[in-house]
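Counting in my numbering, the final residue of the sequence shown is number 72, and the numbers go up one at a time with none missing.
Keep in mind that the hints were calculated from the coordinates and are not lab data. Any given hint could be a false lead.
[As the list claims (entries may be wrong)] The calculated label-pair distances, taken between Cβ atoms and stated as ranges, are:
id: 1; residue 1: ALA30; residue 2: ASP66; range: 51 to 57 angstroms
id: 2; residue 1: THR10; residue 2: GLN70; range: 30 to 36 angstroms
id: 3; residue 1: GLN47; residue 2: ALA20; range: 26 to 32 angstroms
id: 4; residue 1: GLU26; residue 2: LEU50; range: 33 to 39 angstroms
id: 5; residue 1: LEU51; residue 2: ALA13; range: 57 to 63 angstroms
id: 6; residue 1: PHE68; residue 2: MET9; range: 38 to 44 angstroms
id: 7; residue 1: THR10; residue 2: GLY71; range: 43 to 49 angstroms
id: 8; residue 1: LYS67; residue 2: ALA30; range: 16 to 22 angstroms
id: 9; residue 1: GLN69; residue 2: LYS11; range: 46 to 52 angstroms
id: 10; residue 1: LEU25; residue 2: LEU49; range: 32 to 38 angstroms
id: 11; residue 1: ARG38; residue 2: ALA62; range: 17 to 23 angstroms
Positions of the beta carbon are idealized from the N, C-alpha and C atoms, including for glycine.
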Amino acid sequence: MGGAVGMTKQAELKELQARVAELEASIAELRRHHLRLAELTDLVQELLLPVAARDEERIAAAIDKFQQGL
C-alpha cells in the first residue's frame with residue numbers, strides 16, 4: 003500500500019514539474035512579447051516626433067532594429 007501512495011506522490015510531483023515548465027515557457031513568451039511591444043512603442047514614438055525635431059538616422063535605426071526582430 004505504501005508503494006501505491008508513493009507512486010501517487012511521484013505522479014503528482016511529475017505533474018507539478020510539468021506545469022512549472024509550462025508556466026516558465028509562458029513567462030518567457032510574455033517577456034518576448036513585452037520586449038517587442040516596447041520596441042514598437044519606441045518606434046512609434048520616434049516616428050511621431052515633429053518633423054523639425056526628427057533625427058532621420060535614429061528613425062532609420064529604429065525601423066531597422068524593429069524589422070530585424072520580425
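CB of LEU25 to CB of LEU49, is that within 32 to 38 angstroms?
36 angstroms, holds
Could you see if the CB distance from PHE68 to MET9 stays within 38 to 44 angstroms?
Roughly 52 angstroms apart at Cβ, these two residues miss the hinted range, so it is violated.
Should the hint that LYS67 and ALA30 are 16 to 22 angstroms apart at their CB atoms be regarded as holding?
21 angstroms, holds
Cβ-Cβ distance between ARG38 and ALA62: within 17 to 23 angstroms?
The hint (17 to 23 angstroms, Cβ to Cβ) holds, given that ARG38 and ALA62 are roughly 19 angstroms apart.
43 to 49 angstroms was suggested as the range; check whether the CB atoms of THR10 and GLY71 agree with it.
46 angstroms, holds
C-beta pair GLU26, LEU50: status relative to the range 33 to 39 angstroms that was hinted
36 angstroms, holds
Distance restraint hint 51 to 57 angstroms, applied to the beta-carbon atoms of ALA30 and ASP66:
Violated, since ALA30 and ASP66 (Cβ atoms, about 25 angstroms apart) do not stay within the stated range.
So the hint says 30 to 36 angstroms: do the beta-carbon atoms of THR10 and GLN70 match that?
50 angstroms, violated
Assessment of proposed distance window 57 to 63 angstroms (beta carbons of LEU51, ALA13)
58 angstroms, holds
Falls inside 26 to 32 angstroms, the C-beta gap from GLN47 to ALA20?
Given range 26 to 32 angstroms: violated, Cβ gap about 41 angstroms.
Is 46 to 52 angstroms a correct range for the gap between the Cβ atoms of GLN69 and LYS11?
Holds: the Cβ-Cβ distance is about 51 angstroms, inside 46 to 52 angstroms.
Against the hints set out earlier in the document, violations occur for numbers 1, 2, 3, 6.
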